[in-house]
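Undergrad: Since the structure of chain C is provided, determine the placement of chain A on it from the hints.
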Amino acid sequence: MTEKEKNKIKILINKKEIEVDENLTILDAAKHARIKIPTLCKHEDLHATGACGICVVKVEGMKKLVRSCTTPIQENMSIITHDAELHEVRKNVIELILSNHPNECLTCLRNGSCELQRFAEEFGIREKFFKPLIVEKSKDLSTKAIVVDAKKCIKCGRCVDVCQKIQEVWALEFINRGFDMRIAPAGDILLSDSPCIKCGQCSAHCPVGALIEYEETDKVWNALRDENLYPVVQIAPAVRVAFGESFGLLPGTITTKKIYALLRKLGFKAVFDTNFGADVTIMEEATEFYERYQLNRNKLPLITSCCPSWVDYLEKYYPELIEHFSTVKSPHQITGVLTKTYFAQKNNIDPGKIFMVSIMPCTAKKYEISRTDEMFASGFQDVDVSLTTRELVRMAYSGGIDFERLEEEEPDEILGNYSGAGTIFGTTGGVMEAALRTAYYLFTGKNLEKIELNEIRGLDGIKKANIKVDSKEIKVCIAHGIGNIKKVLDEIKESKTKKVKPPYDFIEVMACPGGCVAGGGQPYQISDKLRIQRSNGIYNDDKQQQVRFSHENPMVKKLYEEFLGKPLSKKSHQLLHTKYKPRPIYYK
Amino acid sequence: MTMQKEEIKLPNEIIEYIEKNSNKKGFEIMILHKIQEIYGYVPRKIAMELSRKLNIPLAKIYGIITFYHIFKLNKPGKYRISVCMGTACYLKGGEDILGEIENILGIGVNSTTEDGIFSIEIVRCIGCCGIAPAIVINNKVYGNLKKDQLIEILSEYTKIEGKEIKND
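Residue numbers (this note's numbering), protein chains in the order written: chain C, 1 to 588; chain A, 1001 to 1168.
It should be emphasised that the hints constitute simulated quantities derived from the structure, not laboratory data. Any given hint could turn out to be false.
Below, computed lysine to aspartate or glutamate pairings styled on EDC-like, alpha-carbon distance capped at 16 Å [to be verified]: (1) K1045(A) / E168(C); (2) K1078(A) / E1114(A); (3) K1060(A) / E408(C); (4) K1075(A) / D193(C).
Label pairs and their computed distance ranges (CB to CB) [stated by the list, open to error]: (5) N1023(A) / K6(C): 29 to 39 Å; (6) N1110(A) / K269(C): 55 to 65 Å; (7) N1023(A) / K31(C): 53 to 63 Å.
The model shown is predicted, which means the values in this text are computed figures rather than measured ones. Every residue gets a Cβ at the ideal spot worked out from N, C-alpha and C, and that includes glycine.
Isolated chain C, as found in the complex (with noise of 0.2 Å):
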């Protein structure tokens, strides 16, 4: 929001005098009056577009209802936002959804979050008023990450907003019209020849079932009563300040030393920290940008590599840019590959034997565990499965988890001891940062003096910065939600084409908008305020930490004394790099 001068205007709410922004739609200015109306399609982050019809208000002097959604709001306007009769139309409207909607909600992996059956259930629904005319539609699992079940789609197309105008990948769009519009992907292939980068926005989106994480809960809780394995489990950075959510705990509370403690209650035999996977990836990657930047500055700016949607975008749309990427694995994988080598041979288990569960606030980690050869460098694959935070909240109440009263417990070691650096992974910035403070040691032979860097924090969709290191000036550039970064890449593109130097010397890049704490896999309802409130439960977390930077984590330290050597040591190369390669957009 800018903080332009607006004018205001008065307006009559439900006879209640109210002075709001000129510019707002009915529905907004009810909200600034703590009025809310009832809608099924409009969401904060998206375009309006009417398609529900719920959230239809009274206006003074109007023969009809109008949708508040699109309605903008005039002078002296008086409007009516609820009463008995606005009840029962708004009643019917929600009828007529649920008549080609499929009573399936026993089975639902959105049964309890569902916006539809909640309104179902305060609208006083208890019974199907109209015949019900349900289309019939396979559900399409092929990405084994995103799964669509357009039987279930309401049509509100908000996931086709968030796809198209937000993440500008195009995967998804309606085909047909009428009755017989749905959603498909490009032209009705499956949704892993399209253009789809797994990113799930359009799962954090719907208000039903209609897309959704692939669950893989069952696989995990086999594996947890499997005696011939060894569970172990890590949490990404992002799910600490998240989870809470879930069991009536503020958005931003950490819960990282409850969570470690649940995940051992459910079964695992070791629990890590993702964290400690995100110190690894900064030593490796602070080094690659020095060396770049002091050995090979045609290759700068240097990409951040660790959002798998982010790469597979990359991958897709950009195959010229590949060699401006990081090759350092995600934390997570690290963490995965670390476990099956370090981890196993210091504590003499078959790393055949380990089943590696990573908690991710992320739908295309699911993707990313199998994506390349690399990602079974330990001769197994590194990461067994991939849950989402929201499949672990299922899990903890399945297992009869009483998380509030849960005493805190440690990780194990070494490969679940954090920096405060490894934390803010977790919010967009943050990785940024986090090399920063460590390219900034490389460079100079001393730590930062002010650790934290404002100028990169925040939601705008584009943050610039120079940082002064020495007398040198590093140009870095941060982009968060597929759009945004779009415009950066033509920037670079354009600089290679034109032979000048690139504006940048680093860039992180972030699939979903606001980074991993507003991630696919989240809790519903994600809005501005949550991904602010989560990102500073993770800024909080990172000042809590004794450690600030990744190269002064003594764990860190310890697993390159015994094991890795240096950074871009030939067993990091072996372990914790990998390889891009170009990919068709449409596989079909």
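TA: For chain A alone, kept in the frame of chain C given last:
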């Protein structure tokens, strides 16, 4: 080989058309009409090439093609059977006529027989309500239809092609 790498060239006719009209409003629809005029339908490979050439997402192109009934996704048969489902034809048994044609040819609506001879589509009123139920095969109208006439009508066309309708 992946689709992306394959070089499918748009015919010169289409490229010229694009160059001439690309600044016009509603251009996407015009070019799709042109493609259908040339091929009789919008082939996926051409749609994909068009998507690349114009930098329009394929999903958007398919959104348009499937929204307007006039665009076809599959190659129509040499003889296009249009079954009228306008009010009069519908009331006079248009559905039975359609069902019988589907039975005889062994294909459904919006599909083409394997030999490429026939395709079936549904149309709204063709202005022949007085002789309902009616069908049109290419440009020839058949009215006052009864189910048992259909095999004879369709055979006229298979004979021209030197084939027979396999009735099982």
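Undergrad: State for each hint whether it applies.
TA: Here is what the structure says about each hint:
no., hint, verdict
1, K1045(A) / E168(C), "22 Å, violated"
2, K1078(A) / E1114(A), "11 Å, holds"
3, K1060(A) / E408(C), "51 Å, violated"
4, K1075(A) / D193(C), "23 Å, violated"
5, N1023(A) / K6(C): 29 to 39 Å, "36 Å, holds"
6, N1110(A) / K269(C): 55 to 65 Å, "57 Å, holds"
7, N1023(A) / K31(C): 53 to 63 Å, "41 Å, violated"
In this structure, the earlier hints numbered 1, 3, 4 and 7 are contradicted, and the remaining ones agree with it.
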